[in-house]
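Protein chains: 2
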Amino acid sequence: MKEILSTKNTTIKEFKKLHKKKYREEKQQYIIEGFHLIEEAVRAGAKIEWILFNQRGQSEWSVWLDQQPDELLIYVSEEVLLSLSELPTPQGMVAIVNMPDDEKNIEFSGGWLLLDNVQDPGNVGTMIRTADAAGLAGVILGEGTSDIYSTKVLRAMQGSNYHLPVIRKPLADIIDSFKREQIPVFGTELNAEAVSYQKIGHNRDYALIMGNEGQGVAAEFLEKTDQNIYIPIKGTAESLNVAIAAGILMYHLEQ
Amino acid sequence: MKEILSTKNTTIKEFKKLHKKKYREEKQQYIIEGFHLIEEAVRAGAKIEWILFNQRGQSEWSVWLDQQPDELLIYVSEEVLLSLSELPTPQGMVAIVNMPDDEKNIEFSGGWLLLDNVQDPGNVGTMIRTADAAGLAGVILGEGTSDIYSTKVLRAMQGSNYHLPVIRKPLADIIDSFKREQIPVFGTELNAEAVSYQKIGHNRDYALIMGNEGQGVAAEFLEKTDQNIYIPIKGTAESLNVAIAAGILMYHLEQ
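As you go down the protein sequences, you meet chains A and B in turn.
All letters in the first sequence, in the order written, are residues 1 to 255 by the UniProt record's numbering.
All letters in the second sequence, in the order written, are residues 1 to 255 by the UniProt record's numbering.
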């Protein structure tokens with residue numbers, strides 16, 4: 001088992017850079033924090049590169065740590081652990097994980113959630129978690145949609161990225177593919193020009209497109225869909241939060 | 001029209017303290033930021049105490065400002081406006097608003113959302129916004145539930161607190177009141193011991209209790225309800241975010 005006690009260690013400095021998106025993409029690695037998420041990643045077979053823990057992590061999770069391959073483990077000082085954490089109350093463990101191979105083929109069955117330019121990390125993470133809970137087959141991240149390996153998205157996903165495929169692809173291509181497979185594609189609109197979701201029956205296979213927080217789904221995608229749907233607003237709110245809307249629609253379509 | 005150019009002005013220092021919960025409760029006032037929210041507050045008849053704006057605010061919203069009572073207006077410097085803002089990109093206007101009188105009577109009809117110890121400001125704000133959109137009659141904030149006058153909750157509510165009553169009350173009393181009125185009270189549980197929400201029909205009058213992010217609804221309240229319900233998890237996620245769950249349930253019950 002390795003041991004690193006100084007925050008000036010070059011390996012630690014490299015790990016720290018993984019809090020920046022550009023560097024994550026270059027290294028194809030990301031950091032996860034907290035025992036719960038790390039345990040979930042290991043259980044789901046994520047490609048763990050390193051598990052770093054301090055004194056506290058060692059005493060709290062000693063049984064679990066004993067079961068992990070010794071060559072993955074690094075004991076670090078409190079100071080090193082704090083330097084790698086972005087949480088308000090850091091826990092005693094972080095892990096460095098390799099990103100999954102994005103080249104896997106998409107299976108065109110079940111429900112798919114397509115995100116067009118969804119920018120808030122909390123919204124993206126929560127929608128992936130809800131897609132997992134509702135039993136969808138996977139999630140496609142279209143152009144402009146937030147990177148999923150930031151601390152905020154990883155926290156909001158609660159490990160759901162290990163439970164279903166989350167794939168970055170240009171949406172125009174993927175919508176065409178769903179249509180070729182004769183799978184209905186639903187766009188979402190913010191106004192009543194579309195059809196109320198309650199008029200749409202339950203579907204075994206479908207694609208549902210959710211859009212940007214302010215602008216909604218881009219017009220070029222709405223033109224390609226089989227049907228555009230909306231959620232009726234009965235009170236005086238102007239709109240629903242996009243993650244709430246996605247939750248209502250996914251549970252309706254999967255029911 | 002008043003004019004304040006220095007951040008050292010005692011009035012400005014007093015306003016700034018309204019970002020602290022304790023001080024808001026003492027003064028029974030809060031700060032809202034950005035033209036959109038302020039316009040909504042004025043339209044809804046909120047008790048506005050002051051409207052502060054800088055050069056930019058004045059030029060962008062001059063027509064609207066001309067329609068406001070002159071005794072409410074304070075022209076401030078860029079520096080003063082920045083000192084009062086908690087937004088990452090401050091807009092040119094903030095307002096000081098008096099809290100509504102909480103003593104109003106609750107009308108026991110329609111749907112009511114009851115929040116038990118919901119702690120995340122974003123969750124609380126989003127649930128109030130969703131209750132508004134879904135057409136509920138009002139929201140009760142029970143013990144431990146986040147104060148709604150922080151910048152985070154005000155942003156997430158998007159003005160919905162001006163559209164429906166949001167009242168702080170002890171939940172045990174209010175649950176008893178609903179029961180006396182023979183209105184069904186639904187608790188929410190995180191496990192399948194409760195009944196699936198899909199088995200519950202639509203209701204004209206009801207109370208729905210949502211609970212703490214980690215612990216759910218307190219056992220003492222679950223024991224008092226007419227029926228406890230849950231949302232089936234079909235994938236491998238452990239649970240749904242509480243605001244998402246509330247959205248699915250409110251749209252189901254109101255449908």
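Calculated directly from the structure, the hints in this document are not laboratory data.
Heads up, some of the hints might be wrong.
Since the list can't tell identical chains apart, any single copy or any two copies may satisfy a pair.
Calculated cross-link-like contacts (lysine-lysine; reagent style DSSO-like; alpha-carbon spacing at most 27 Å) [as the list claims (entries may be wrong)]:
hint, residue 1, residue 2
1, Lys234, Lys152
2, Lys234, Lys169
3, Lys199, Lys234
4, Lys20, Lys152
5, Lys21, Lys152
Within a copy, between copies, both or neither: which one fits lysine 20 and lysine 152 at a CA-CA cutoff of 27 Å? both (12 Å within a copy, 25 Å between copies)
Intra- versus inter-subunit Cα pairing at 27 Å for lysine 234 with lysine 152: Between copies only: 24 Å across, 32 Å inside.
27 Å Cα threshold - placement of lysine 169 relative to lysine 234: Between copies only: 25 Å across chains, 35 Å inside a chain, cut-off 27 Å.
Are the CA atoms of lysine 199 and lysine 234 at most 27 Å apart within a copy, between copies, both, or neither? both (16 Å within a copy, 23 Å between copies)
Since the copies are identical, ignore which copy is meant and state whether lysine 21 and lysine 152 lie within 27 Å (CA to CA) inside a copy, between copies, both or neither. Result: close both inside a copy and across copies, 12 Å intra and 25 Å inter.
Checked against the numbered hints above, the structure violates none of them.
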